[in-house]
Amino acid sequence: MERFEYASPVSRKEAVGLLAETWGETEILAGGTDVLSRMKDYVSTPKRLVSLKRIKDLKGVHYAPGHGLRIGSMATLREIKVNTYVQRYYPALVDTANLIRSQQLHSMGTIGGSLLQRPRCWYYRLGYGLLAQYEGKSLPPEGDNRYHAILGNSGPAYFTSPSTFAPILIALEARVELLGPSGSRTIPLEKLFTTPTKTGEREHTLHPNEIVTEILVPPAGGIRSAVHEIRQKEGLDWALTAAAVALHMKDNTVRSARVVLGQVAPVPWDSQEAAHALVGKTLSEQVAEAAGKAAVSEATPLSMNGYKVQLTRVAVKRAVLQAAKGGA
Amino acid sequence: MKTKRGQGPEKGTGNVSRRDFLRGAGVAVSGTLLVGESMAEPAEASGQARGPGEVPVTLRINGEARQLDLEPRVTLLDALRDRLGITGAKKVCDRATCGACTVLLDDEPVYACTVLAIEAEGHNVTTIEHFSKGGQLHPVMKAFVDHDAQQCGFCTPGFVMASIAFLKNHPNPSLEEVEKGLGGNLCRCGTYHGIRLAVLEAAKTMTAQDEGGSIHG
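Chains as they are written, first to last, in the numbering used here: chain A, 37 to 364; chain B, 10 to 226.
Take the hints with a grain of salt, since some may be wrong.
[What the hints assert, rightly or not] The following residues of chain B were derived to be distant from chain A, with all beta-carbon distances above 12 Å: (1) VAL64; (2) ASN71; (3) GLY72; (4) GLU80; (5) SER141; (6) HIS156; (7) ASN178; (8) GLY190; (9) ASN194; (10) THR216.
[Claimed, not checked] Here are the simulated SDA-like cross-link-like pairs (lysine to any residue), alpha carbons at most 20 Å apart as the crow flies: (11) LYS117/A x CYS161/B; (12) LYS177/B x GLU115/A; (13) LYS76/A x GLN57/B; (14) LYS189/B x ARG211/A; (15) LYS83/A x LEU146/B; (16) LYS189/B x LYS92/A; (17) LYS189/B x GLU270/A; (18) LYS95/A x ARG197/B; (19) LYS92/A x HIS132/B; (20) LYS92/A x LEU214/A; (21) LYS177/B x THR216/B; (22) LYS89/A x HIS179/B.
[What the hints assert, rightly or not] So the derived label-pair ranges between C-beta atoms look like this: (23) VAL350/A x GLN145/B: 29 to 37 Å; (24) ASP273/A x ALA217/B: 42 to 50 Å; (25) LYS361/A x ASP116/B: 32 to 40 Å; (26) THR241/A x LEU146/B: 50 to 58 Å; (27) PRO65/B x GLY191/A: 32 to 40 Å; (28) GLN218/B x ASP273/A: 30 to 38 Å; (29) GLN218/B x THR58/A: 51 to 59 Å; (30) ALA217/B x GLN123/A: 52 to 60 Å; (31) GLN268/A x LEU184/B: 19 to 27 Å.
Note that these hints are calculated values from the structure, not bench results. Keep in mind it's a predicted model, so treat the numbers as computed, not measured. Heads up, the beta-carbon is just placed ideally off N, CA and C, and yes, glycines get one too.
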C-alpha cells in the first residue's frame with residue numbers, strides 16, 4: 037500500500053477536522069477490514085487515515101424504552117450480538133451478525149463500517165473505478181456479471197450494495213446521525229445510500245468530511261422481523277442475495293411491511309412491490325410467495341445473473357415466513 | 010507493501026529451527042525490550058497526524074513491550090514477522106479472509122494482516138508463541154496433534170488461535186457451533202474434520218482441567 041499519515045483523534049469534532057473536503061485525500065479507519073484491503077490493492081490511496089478507535093463516545097450499544105436502540109458507529113459486531121437488549125428486542129440483528137461467519141470480523145468489524153464498506157464488484161476492486169468503465173465503456177454488461185445487480189441496474193452503476201446490516205436496519209426504520217464541520221444531521225438510513233450516475237460520485241451520501249456517529253433504531257414492540265440470505269458457501273463470504281423483512285401484524289394480518297433486499301442493486305433495495313403484496317393480507321405460504329414474486333417483478337438481470345432473480349424470490353418468501361413466526 | 014526486513018535478527022535466526030522456535034526456545038527479537046512498561050495510551054498529542062515516515066511505536070506482545078520505528082502503513086502481522094521475528098502468525102491471503110494470521114488483541118481474535126501495528130499501541134497482543142511456553146503444549150495444540158488436524162500445517166497456528174478464542178466464549182460447544190464458529194479460518198488441505206474433532210476434544214480436556222483447578226493457556 038502507499039504511504040499515508042495516521043491520525044487517531046479522541047473526539048468526534050477533532051475527527052471531522054482531520055477529514056478533507058474532497059474524496060480521495062482522506063479515509064476513515066473504523067474496523068479496517070475493508071479500507072485496508074482496498075489500500076493494499078491501491079483501489080484507495082488516501083494521504084491520511086483517520087482512525088475513530090480512540091473516540092470513546094462512538095462506542096457502545098444503549099437501549100431506552102420508548103426511544104429504542106442507539107448504536108455507536110464504532111460498536112463492534114460482537115458488542116451488538118452479545119447485547120442483552122438487542123437479543124431480547126431485536127433478535128434479527130443478532131441473526132444478521134451471525135451471517136458474518138467470522139469471529140475475527142465480529143471483533144474487528146463495526147456497525148458503521150458495515151454500512152460504509154465499498155462494493156465487492158471485481159471491476160471496481162481491480163481498479164476500473166466504481167462504475168467499472170474502460171475507455172468510457174461499462175464493463176459489466178458484456179463482461180462477467182454473475183454477481184452484479186438485477187435491480188436498479190439501468191446503468192452506469194452495476195455493482196451491488198454489500199452491507200449485511202443495511203437491509204435489516206432499513207426495514208426496522210433506523211436513522212443515522214452524521215457529524216460534519218457545520219454540525220450534525222440525522223437522516224433515515226436509506227438516505228445514506230445513493231446510486232452514482234457519474235465518475236467521482238460515491239454510493240453513499242456521506243460528505244467527505246463527515247462521520248457516522250450513531251445508528252438509531254426505533255422501539256421494535258409489535259414488529260416481527262427476519263433476515264434470510266442465500267449463499268454460495270456457509271463459510272465467510274458475502275451472500276448471493278439477501279432479504280430483510282419487518283412486519284407490523286395484527287393477529288395474523290399484516291398492517292404494514294417493509295421488505296429490503298441486499299446484494300441485488302447498487303443500494304439496499306426497498307421493495308415497495310413486495311410490501312404492497314403483503315399489506316392487508318392474512319399471512320400464508322401463498323402470500324409470502326406472492327411477495328417474493330412481486331419483489332423481482334421489475335428485475336432486469338444481466339447476461340449471467342438471471343439465477344439471482346429466482347434466489348431473491350425465494351429469499352423474500354423465506355424471510356417473510358420466518359418473520360411471521362415471530363422472527364428466528 | 011514494502012516493509013524493511015533485516016533490522017536485527019529475523020526468522021530462522023542463527024541455528025534455531027522453526028520447531029525450536031515454536032517451542033519457545035531461543036527467540037531472538039529486534040527492538041528494545043521494555044519488560045514491565047506500563048500500558049500507556051499512545052503519547053502523541055491528540056489529533057496530531059503521524060507519519061508517513063517511520064514513527065516510534067511501542068507494542069506489547071505476549072506480555073513484553075517492544076519498541077519499533079514503523080511507518081503507519083506497516084501491519085501488525087508484518088511488524089511481528091518481519092521486524093520482530095515472531096513468525097507463528099502466518100501471511101496467506103493478507104485480506105482479512107483466511108485467518109492464518111489470527112492473533113489476540115486484548116483477548117479478542119483478530120486478523121493481524123488487517124490491523125495496523127500503530128493501531129495496536131496500548132493494547133495487549135497475544136500470539137501463538139505465548140501458548141507453548143517451555144515446550145508445554147496448550148490443550149488445543151495437543152488435540153490438534155492427536156486428531157491429525159493438519160496436513161501442510163500452514164493454517165494451523167491461525168486455527169489454534171481461533172480455537173482458543175472460540176473455546177473461551179463456547180466452553181462446551183456442539184459440532185455445529187464449532188463449524189460455524191471457526192468460519193473465519195480456511196484450510197486449503199481440507200482438514201476441517203480433524204480440526205472440529207480436535208476442538209471438541211480440547212473443550213472436554215479444558216473443562217476437566219478447569220474443574221481440577223489446573224491452569225491452561
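Hints and how they fare:
no.: 1; hint: VAL64; in the structure: violated (8 Å)
no.: 2; hint: ASN71; in the structure: holds (18 Å)
no.: 3; hint: GLY72; in the structure: holds (20 Å)
no.: 4; hint: GLU80; in the structure: violated (6 Å)
no.: 5; hint: SER141; in the structure: holds (21 Å)
no.: 6; hint: HIS156; in the structure: holds (20 Å)
no.: 7; hint: ASN178; in the structure: violated (8 Å)
no.: 8; hint: GLY190; in the structure: violated (6 Å)
no.: 9; hint: ASN194; in the structure: violated (8 Å)
no.: 10; hint: THR216; in the structure: holds (20 Å)
no.: 11; hint: LYS117/A x CYS161/B; in the structure: violated (35 Å)
no.: 12; hint: LYS177/B x GLU115/A; in the structure: holds (16 Å)
no.: 13; hint: LYS76/A x GLN57/B; in the structure: violated (24 Å)
no.: 14; hint: LYS189/B x ARG211/A; in the structure: violated (31 Å)
no.: 15; hint: LYS83/A x LEU146/B; in the structure: violated (45 Å)
no.: 16; hint: LYS189/B x LYS92/A; in the structure: violated (31 Å)
no.: 17; hint: LYS189/B x GLU270/A; in the structure: holds (8 Å)
no.: 18; hint: LYS95/A x ARG197/B; in the structure: violated (36 Å)
no.: 19; hint: LYS92/A x HIS132/B; in the structure: holds (15 Å)
no.: 20; hint: LYS92/A x LEU214/A; in the structure: holds (16 Å)
no.: 21; hint: LYS177/B x THR216/B; in the structure: holds (11 Å)
no.: 22; hint: LYS89/A x HIS179/B; in the structure: violated (27 Å)
no.: 23; hint: VAL350/A x GLN145/B: 29 to 37 Å; in the structure: violated (52 Å)
no.: 24; hint: ASP273/A x ALA217/B: 42 to 50 Å; in the structure: violated (36 Å)
no.: 25; hint: LYS361/A x ASP116/B: 32 to 40 Å; in the structure: holds (37 Å)
no.: 26; hint: THR241/A x LEU146/B: 50 to 58 Å; in the structure: holds (53 Å)
no.: 27; hint: PRO65/B x GLY191/A: 32 to 40 Å; in the structure: violated (50 Å)
no.: 28; hint: GLN218/B x ASP273/A: 30 to 38 Å; in the structure: holds (36 Å)
no.: 29; hint: GLN218/B x THR58/A: 51 to 59 Å; in the structure: holds (58 Å)
no.: 30; hint: ALA217/B x GLN123/A: 52 to 60 Å; in the structure: violated (30 Å)
no.: 31; hint: GLN268/A x LEU184/B: 19 to 27 Å; in the structure: holds (22 Å)
Going through the hint list in order, the structure does not satisfy hints 1, 4, 7, 8, 9, 11, 13, 14, 15, 16, 18, 22, 23, 24, 27, 30.
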